Amino acid sequence: MRIVIELQIRAGEFVTIRGSSGSGKSTLMNILGCLDRPTAGEYYLDSENVQRLSKTSLAHLRNRKLGFVFQGFNLLKRMTAVDNVEMPLVYSGMSVQCRREKALRMLELVDLKNRAYHHPNQLSGGQQQRVAIARALVNEPQILFADEPTGNLDSKTGQEILIEFERLNRELGQTIVMVTHDAAVAERAPRQIVVRDGLIASDTCHGATCVTSLA
Amino acid sequence: MNLLTAFRIALNALVMHKGRSTLTSLGIIIGTAAVISMVSAAGGARTKLDERLDNVGKTLIVIRAGARTANGTLADVKPLTNEEATVLRRQLRSSTTGLAEVQASVRLVATRTRNCVTMVVGTSPDMRRVRGWVVQHGQFLSDEDLKKQGAVCVIGQTVREKLFPDMPNPVGQTIRVDRLQLRIIGVLEAKGRSPIGGDQDDQLFIPLTTMQRKLAGDEILAMLLTSVDSVEKLEKTKEDIARILRDKRRVRPGLEDFDVSSVQEMAEIAVVMTRTMQFLIGIIASISLVVGGIGIMNIMLVSVTERTREIGIRMAIGATPADILTQFLIEAVLLSLLGGLIGISLGIGAAVGLAKAANWPIFVDYSMVILSFVISGSVGVFFGYYPALKASRLDPIEALRYE
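As they're listed, the protein sequences go chains A and B. Mapping the first sequence onto our numbering, position 207 (from 1) lands on 207, and the numbers just tick up by one. Mapping the second sequence onto our numbering, position 68 (from 1) lands on 283, and the numbers just tick up by one.
This is chain A alone, in the form it adopts within the complex (with noise of 0.2 Å):
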C-alpha cells in the first residue's frame, strides 16, 4: 500500500508527532531523521533532496545536520558522560582537544558538568536523558529528534526533560521533533501532528489547522 502524505516543518518550529503504535509515527521519524528513505516520494531536508543519497551521504547528513535523542537513552555503557557527549564529534573528525572542550559545555548547558566523568549507570534516567540530549546538540544540529524521550521517565522527571526541551526551543531557537504517543506530552508543543494509519490526521498549530500540511 502507497501512503502519500505532505509535511513541511520550518526551522525553528517545535513539532510533536502523536500516534498510537502501529500508525506510523516511527516511521515517519525514520525517514525525517535520515535513518531511512521513502520507498516513494520526495523529502527535501535544508532544500536537499535526500531520496538518492547514499549510506555514507546520509550518515554525514545525520552527524551534521540532526540530532537524535531516544527512549532508552542508548548511551554506551562502558564511556564517560563526556565520551558520550563527543562521539558525534569524533565522526565529524574534530580533533580530541576541541572535542573535549565542546562537549564539557553542552554538558554545561544541560547542568550536568560536575557529572561529566560518570558512567551511565552511576546517573539517574533523568541525568542519562539530559547526556543525551547533550550528545545530540553537540554538533549545533538543525533539527533535533527526540523519540519518547519521556518513555522511560518516571512523570517528575519527564516535566524536566520536557521544560529542557521548551527552554531549547525557546532560548536557542532549536527545532525540534518529538515523537510521542502521550497526548498530554504532545500539547506541550505549538505544532502538534497526530498520525492514524500511515496518514496524518490532524496538523495543529496553536490550535488552529496548519496551512503547510495537507492529508
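Note that these hints are calculated values from the structure, not bench results. Remember, predicted model here, so these are calculated numbers, not experimental data. Worth double-checking, as some hints may not be accurate.
What the hints assert, rightly or not - Away from chain A, derived, C-beta distances all over 12 Å, residues of chain B: (1) I224; (2) V277; (3) V292; (4) Q306; (5) L323; (6) D393; (7) E434; (8) S445; (9) G469; (10) E471; (11) I509; (12) S582; (13) I590; (14) G592; (15) Y600; (16) E618.
Unchecked claim - The calculated DSS-like cross-link candidates involving lysine-lysine, where the alpha carbons are at most 30 Å apart (straight line), are: (17) A:K102 x A:K55; (18) A:K77 x B:K233; (19) B:K605 x A:K55.
Claimed, not checked - Covered by chain A, per the in silico footprint, the following chain B stretches (three or more residues, Cβ under 8 Å): (20) 528-540; (21) 610-616.
Idealized CB from N, CA, C, for every residue including glycine.
Given the coordinates of chain A, work out where chain B should sit on it, guided by the hints.
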C-alpha cells in the same frame, strides 16, 4: 574519524573482554611461537652442525669397503688392504695431503691406577695432516714407528683427561692395551665432536703395523682417509680414487664394491634435511594461523552481534559504514597482532631456552620475526574483514531496535 581514535575505541573493546581476547589470540600465539622457536632451533642446530663439519674438515674424503646400497648402508664387504692403501698413497701423493689407513677397535686401556674404554686406531703418520690434528705435547707417530712396529701411542684430550686427570703432559708415561705396553709420545689438542656426535678426542693412535701384528692379528682396514686442500678439488680427487681402486679391483664403473664419499656430501644432506624441516614447520604454522584466524572471525562475529545496538547508536549519530568497518577491522587486526607479539616473545624465549638446553648457539632469525608479525596482522585483516563488513552493512533502524 581519525585512525588514532579508532585504535583507542578498538583497544577499549578488547580490554573490556580481557579473557576472551586472550583465548581468541591463542591460536595466533601458538602459531607464531611455534614458527619462531622451531626456525630458531633449526637454525641453531644447523650452525652447530656446520661447526662440527668444520671440525672434521669439509675436504675430508672417506674410502670404505663395500658398495653403497639404495638405503645407504654398505654391503658386499671385501676389506681394503694395505696393498691398496700403498697404491693409492703413491698415486695420490701430489694431489692430496696424504693417506691415512684406519684399523680401529674399541679396547680397554689402563694405567697402573686408572682405566677406560676407548677407540684404539692403527694408522699411518699421514693421519696428522689428513685430519689436521695439532700436537699439543710431544710428537705424532713417525715413519720410523711404523716401520719398527713401535710400542708407542698418541692420545686424544679426552683419553688424557680420563687416564691422567692431574697430568697435563703425560708424554713418556706408559699405558697398557691388552698385554701390550705402549709409551705415550704425544698428546693431541682437542677437536670437539663430529657431526654424528662422536667425541673425536676419545681415541688413541698407534702405528698401523703395531695394530695389525701385535694387537688385532689381521689386516682389515675399516677405512682410508684422505683430504684435499680446497673444496673445488674434491670431485676430481674422488673420481681419481674410484678409478684407481676400480683398476686395482678389476670392477666396472657402477659395480664398485667400495665407497668414496666426502664430508661435504654429508653437509649437503644436512642442508636438505634442514629444508625439509623448515617446510614442515611452515605447514604446521600455516594450519595454526588459519585455525587462529577462524577463531578471530568467530569471536568478531559474536562481538558484532553483541554490539548491534552500539553499532546502531553510532550509525544514528553519524558513523558511516566505512567508520564501522574500520573500527571492527582494527579490532580484529589488533587482536591478531597482539597474539603475534605474544607468540613472538614466547617463541624467542623458547628458542633461547632450547638453545641453552641443547647447547646450541642462540639463533634468532629476525626476518622471520618480522614476517610472523606481518603475517599475523594479515590474518587479522583477512579473517576480520567479513565480520566488519557485516557490521557496516547493518541497517541503523534494525540495529537500534536490537535488544
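Consistency of the hints with the structure:
no.	hint	in the structure
1	I224	violated, 8 Å
2	V277	holds, 72 Å
3	V292	holds, 79 Å
4	Q306	holds, 86 Å
5	L323	holds, 78 Å
6	D393	holds, 85 Å
7	E434	holds, 88 Å
8	S445	holds, 68 Å
9	G469	holds, 76 Å
10	E471	holds, 78 Å
11	I509	holds, 27 Å
12	S582	holds, 37 Å
13	I590	holds, 31 Å
14	G592	holds, 24 Å
15	Y600	holds, 18 Å
16	E618	violated, 10 Å
17	A:K102 x A:K55	holds, 27 Å
18	A:K77 x B:K233	holds, 17 Å
19	B:K605 x A:K55	holds, 15 Å
20	528-540	holds (count 11)
21	610-616	holds (count 3)
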